[in-house]
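Number of protein chains: 2
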Amino acid sequence: MTTSILSSYKKLIQKTKETKTLGTAISILHWDMETKMPPKGINMRSQQLAMLSKIAHQMSTDPKIGQLLKQVIDHSDYDNLSMVQKRNLYLIKKNYDEDTKLPEKLVVETSKQTAITIDTWKKAKASKDFLKFKPELQKLFDLKKQAADLLMDIKQTASPYDALIEIFEPKMTSDVISSVFNKLQKGLVLVLEKCTSSTKQPDLSVLNRHVPVETQKKIGHLLAGFIGYDVTSDKSGGRIDETEHPFTTGYYDDVRITTHYYPNKFATSVFSVLHEGGHALYEQNLKPEWMLQPVGESCSMGFHESQSRFVENIVGRSMEFWSYFLPVLKKVAGNLSDVKLQNFVHTINHVQPSKIRVEADEVTYGLHVIIRFNLERDLFAGKISVDELPQIWNESYNKFLGVKIEDDSEGVMQDTHWGSGLFGYFPSYALGNIYSGQLLACMESQIPDWKKQISKGNFQNVKNWLIQTVHGYGNLYDAPELIKKITGTDFTVVPFLNYLNQKYSSLYEF
Amino acid sequence: MTTSILSSYKKLIQKTKETKTLGTAISILHWDMETKMPPKGINMRSQQLAMLSKIAHQMSTDPKIGQLLKQVIDHSDYDNLSMVQKRNLYLIKKNYDEDTKLPEKLVVETSKQTAITIDTWKKAKASKDFLKFKPELQKLFDLKKQAADLLMDIKQTASPYDALIEIFEPKMTSDVISSVFNKLQKGLVLVLEKCTSSTKQPDLSVLNRHVPVETQKKIGHLLAGFIGYDVTSDKSGGRIDETEHPFTTGYYDDVRITTHYYPNKFATSVFSVLHEGGHALYEQNLKPEWMLQPVGESCSMGFHESQSRFVENIVGRSMEFWSYFLPVLKKVAGNLSDVKLQNFVHTINHVQPSKIRVEADEVTYGLHVIIRFNLERDLFAGKISVDELPQIWNESYNKFLGVKIEDDSEGVMQDTHWGSGLFGYFPSYALGNIYSGQLLACMESQIPDWKKQISKGNFQNVKNWLIQTVHGYGNLYDAPELIKKITGTDFTVVPFLNYLNQKYSSLYEF
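Chains U and P, in that order, are what the protein sequence lines are.
Take the first sequence: its position 287, counting from 1, is numbered 288 in our numbering, and each next residue is one higher.
Take the second sequence: its position 474, counting from 1, is numbered 475 in our numbering, and each next residue is one higher.
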């Protein structure tokens with residue numbers, strides 16, 4: 002291999018690293034906006050973010066990147082590059098082609114509008130007033146639609162909405178999702194009916210025991226410690242803060258999660274910490290030598306969600322985990338000493354149609370996601386308008402889950418995603434469940450006694466398995482390829498539905 | 002005036018605003034690094050800051066600025082520009098000339114090294130190990146010396162150290178400072194001797210009463226509320242966090258302060274909050290229409306310090322303030338009910354030579370600063386080396402203040418400034434005291450009953466006076482000009498020494 006191709010390749014990687022570094026700085030400003038920023042700071046913050054996203058866009062669309070890409074890809078030594086190098090080039094090219102397609106003006110306006118829309122969403126949600134949110138959401142939707150139209154062209158997707166899905170889940174289409182979601186929906190409804198019609202039902206009252214916020218913070222730290230997400234030591238690379246809607250942000254050595262604390266609903270913070278902690282582990286355990294390179298990223302949002310759901314649900318809601326952790330919890334929480342393991346585990350897995358996605362059980366959760374997917378798909382297809390979202394939302398909840406939405410704060414405004422411009426993101430949540438089912442089946446074949454290990458308080462082997470099997474691959478493969486590489490089979494909903502049937506038939510005795 | 006000069010002027014202002022916006026984003030990343038960042042994040046943060054400072058340097062040295070400046074300044078209509086426009090141009094030119102003098106490589110390296118040196122300072126201070134700190138401090142000093150040599154050339158100052166002083170205190174020289182500090186030192190020593198030899202001495206034990214950290218946080222909020230620095234409402238533009246060394250950062254609508262809480266030394270957080278709150282008021286009350294313009298900045302670091310000292314000392318350590326606030330404090334703190342006003346005020350103004358600058362009284366404080374000024378001046382003149390700093394520091398403390406430094410954490414490593422590369426900054430603290438004395442004399446002539454107002458819990462008129470007299474001028478004048486414009490007299494130490502004599506003769510009955 003001549004030095005010429007390597008020298009061009011290195012220049013490309015250097016440019017990519019700079020853009021990524023700027024991206025991590027932008028993430029901190031977003032985190033600050035959500036957690037610490039004084040309310041009046043919003044206008045200045047939106048200017049800062051607009052300016053930085055403008056700079057990032059300039060960096061990622063620098064014509065020099067196009068030239069270097071051409072030099073490397075057309076080079077006679079191209080075939081001699083390593084697989085990692087080729088993947089980096091593929092990802093740089095994909096990103097460059099997409100970014101050069103979007104005009105800087107659109108990028109800057111979208112960034113400004115996003116900051117404003119998130120802020121408006123918060124206020125509108127607090128005052129249960131969708132009309133306050135609507136004009137800003139409409140503006141953001143219009144900008145996203147413009148971007149989707151442009152991206153559809155370059156990505157050659159079947160629809161503008163598909164182009165947005167592809168941002169979060171490369172190589173995934175709305176048609177495949179529709180088809181898988183149909184199977185998922187049928188499977189979920191079957192389990193749901195069996196659970197709700199079972200005579201064995203848990204006593205839920207334990208979940209309303211009062212646990213002070215300060216105690217819940219301690220519990221959060223213990224949970225983080227259990228899964229090996231260090232937030233307390235002087236070598237820590239993480240932290241836990243409080244936001245209305247929990248999230249994870251960061252990269253490698255600085256990955257932060259948020260949760261929320263309700264004194265009479267302690268379990269919500271328990272599972273938020275486990276969920277976001279699962280995300281955090283993924284970011285922290287990407288291959289160190291790939292840091293700031295395109296391959297040194299997670300595979301897809303769906304895969305990210307598979308990691309959070311794996312830790313939250315498959316581990317965190319298992320009998321084995323609580324046989325270890327319930328005594329710990331009792332010691333810290335004080336007033337849970339009479340709680341019985343069997344009922345507690347049944348309680349935290351209680352299946353009941355509800356209004357709030359992030360508090361939904363594993364069975365109904367997918368239905369919440371399917372509702373959002375259908376709304377987004379129809380919105381971008383022009384079949385419904387932003388104005389109609391609340392009404393259709395409420396009708397869907399009634400139809401799919403049989404619940405009545407009382408106001409838009411518990412309805413269409415419950416999630417931050419649309420206010421943050423994250424259209425096309427929601428499907429990832431359910432894809433994550435599906436991937437996590439496939440990963441579980443695979444892990445069980447490789448670590449048959451994993452449950453026993455968890456029941457002894459040992460998460461290390463499971464964590465290492467996730468690191469070796471998922472985290473360590475970074476973004477070396479697209480999701481459909483990665484899941485096949487790991488499990489030997491294509492994307493399928495079967496293992497996830499098997500897992501649910503097995504778990505819930507045991508809990509509900511059907 | 003033709004449109005041509007205005008159009009060029011507007012372009013210049015736009016460019017300046019963009020650089021300032023980036024600067025405010027960088028400030029947030031610095032704040033996060035000091036307050037919230039997980040320890041492992043330091044390397045990535047130093048890369049982020051290096052990259053952003055590189056971008057900021059590119060923006061502020063854009064040759065287009067030089068072209069626009071030339072177009073505007075050489076234009077036949079230049080004389081018709083307003084005073085504010087001319088001042089903006091002067092400041093833009095000064096900044097451009099200085100920034101283009103510094104090579105990008107030096108700027109980037111300095112930014113990286115600063116992040117590393119601060120981090121090392123923290124660790125070295127915790128382990129009382131100057132040898133750990135020394136190599137990083139040496140590297141940072143070498144970079145700063147390079148910058149000082151280059152700036153000396155463009156600013157035509159008498160020495161490299163003068164070039165650094167001029168960054169924080171434009172139009173100030175080390176010769177003027179030496180001369181004024183001589184007078185200050187003599188005056189302070191006189192008051193100090195009278196205080197220490199007085200038979201009337203306060204009972205200090207009240208300062209060691211236990212006040213829990215949570216209670217101190219409440220007190221901090223009350224103090225912030227008193228001075229009109231809003232940190233709690235949903236229109237707040239500020240916040241209070243905890244750091245080893247308190248500081249203020251931010252601009253207009255997002256200005257943050259930090260403090261530290263010691264359960265058995267509650268007064269330190271009281272006066273940190275007042276001090277930093279004084280800084281915060283300055284930044285928050287710059288003229289709204291000047292936001293992001295060069296005139297929409299504070300006048301100098303010395304003037305900034307005059308505002309913090311005014312609020313902390315002149316107001317916050319006065320009999321009148323405590324005649325109002327002591328009952329409030331008693332109510333919140335619980336175990337201070339037996340404290341007597343007279344003794345309390347004497348206690349918080351107790352004069353005693355000590356080791357730690359930020360905890361020093363108003364009389365000895367200046368001596369701490371003079372020690373640092375002498376060390377910096379000699380360091381940059383090559384008369385002493387970084388290696389010798391601890392020894393000379395300790396000797397100076399023995400000579401000036403008669404105290405024995407036991408280890409370098411309470412000696413040369415007590416302050417964050419040198420680890421942060423802020424050489425030339427220290428004199429500003431004493432200049433601030435001197436300005437505050439002049440401002441006080443002026444305010445007393447215009448609001449003769451200001452003390453009575455404070456004693457009734459009304460800070461509004463004093464605050465408005467500061468806004469109209471100082472904050473509202475932004476950076477329209479350099480400090481020597483501004484102090485003359487406000488008070489009618491030149492920079493002089495007399496009013497400050499008068500204030501000290503009057504205050505301490507009353508407290509110590511001399």
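Hints in this document: simulated from the structure, not taken from any laboratory.
As the structure is a prediction and not an experimental result, all values here were calculated from the model.
Among the hints, a few may not be true.
Since copy identity is lost for identical chains, a pair holds within one copy or between any two.
Listed next, the in silico DSS-like pairs over lysine-lysine satisfying Cα-Cα at most 27 Å (straight line) [stated by the list, open to error]:
hint, residue 1, residue 2
1, Lys-102, Lys-464
2, Lys-18, Lys-41
3, Lys-135, Lys-236
4, Lys-113, Lys-18
5, Lys-102, Lys-405
6, Lys-18, Lys-331
7, Lys-187, Lys-384
8, Lys-400, Lys-184
9, Lys-457, Lys-106
10, Lys-37, Lys-288
11, Lys-12, Lys-71
12, Lys-133, Lys-457
13, Lys-156, Lys-41
14, Lys-453, Lys-135
15, Lys-18, Lys-201
16, Lys-332, Lys-452
17, Lys-485, Lys-201
18, Lys-236, Lys-140
19, Lys-106, Lys-18
20, Lys-124, Lys-146
21, Lys-486, Lys-452
Now for the hints, and whether the structure bears them out:
1. Lys-102 x Lys-464: neither (40 Å within a copy, 52 Å between copies)
2. Lys-18 x Lys-41: Between copies, since 19 Å is at most 27 Å while 33 Å is not.
3. Lys-135 x Lys-236: Intra 44 Å, inter 22 Å, cutoff 27 Å: inter-copy only.
4. Lys-113 x Lys-18: Answer is both: 24 Å inside a copy and 16 Å across each meet the 27 Å cutoff.
5. Lys-102 x Lys-405: neither (43 Å within a copy, 67 Å between copies)
6. Lys-18 x Lys-331: Neither. Shortest intra-copy (47 Å) and inter-copy (56 Å) distances fail the 27 Å Cα cut-off.
7. Lys-187 x Lys-384: within (25 Å within a copy, 83 Å between copies)
8. Lys-400 x Lys-184: Answer is within; shortest intra-copy Cα gap is 17 Å, inter-copy 84 Å.
9. Lys-457 x Lys-106: neither (56 Å within a copy, 54 Å between copies)
10. Lys-37 x Lys-288: Only across copies: Lys-37 and Lys-288 sit 25 Å apart there, 31 Å inside one copy, limit 27 Å.
11. Lys-12 x Lys-71: within (13 Å within a copy, 36 Å between copies)
12. Lys-133 x Lys-457: neither (51 Å within a copy, 42 Å between copies)
13. Lys-156 x Lys-41: Neither way: Lys-156 and Lys-41 sit 40 Å apart in one copy and 38 Å across, limit 27 Å.
14. Lys-453 x Lys-135: For Lys-453 and Lys-135, the Cα distance exceeds 27 Å both inside one copy (51 Å) and across copies (52 Å).
15. Lys-18 x Lys-201: Intra 55 Å, inter 66 Å, cutoff 27 Å: neither.
16. Lys-332 x Lys-452: This pair counts as within: shortest intra-copy Cα distance 23 Å, inter-copy 55 Å.
17. Lys-485 x Lys-201: Result: close neither inside a copy nor across copies, 38 Å intra and 84 Å inter.
18. Lys-236 x Lys-140: between (43 Å within a copy, 25 Å between copies)
19. Lys-106 x Lys-18: Result: close both inside a copy and across copies, 24 Å intra and 18 Å inter.
20. Lys-124 x Lys-146: For Lys-124 and Lys-146, the Cα distance is within 27 Å only inside one copy (24 Å; across copies 50 Å).
21. Lys-486 x Lys-452: Result: close within a single copy only, 24 Å intra versus 77 Å inter.
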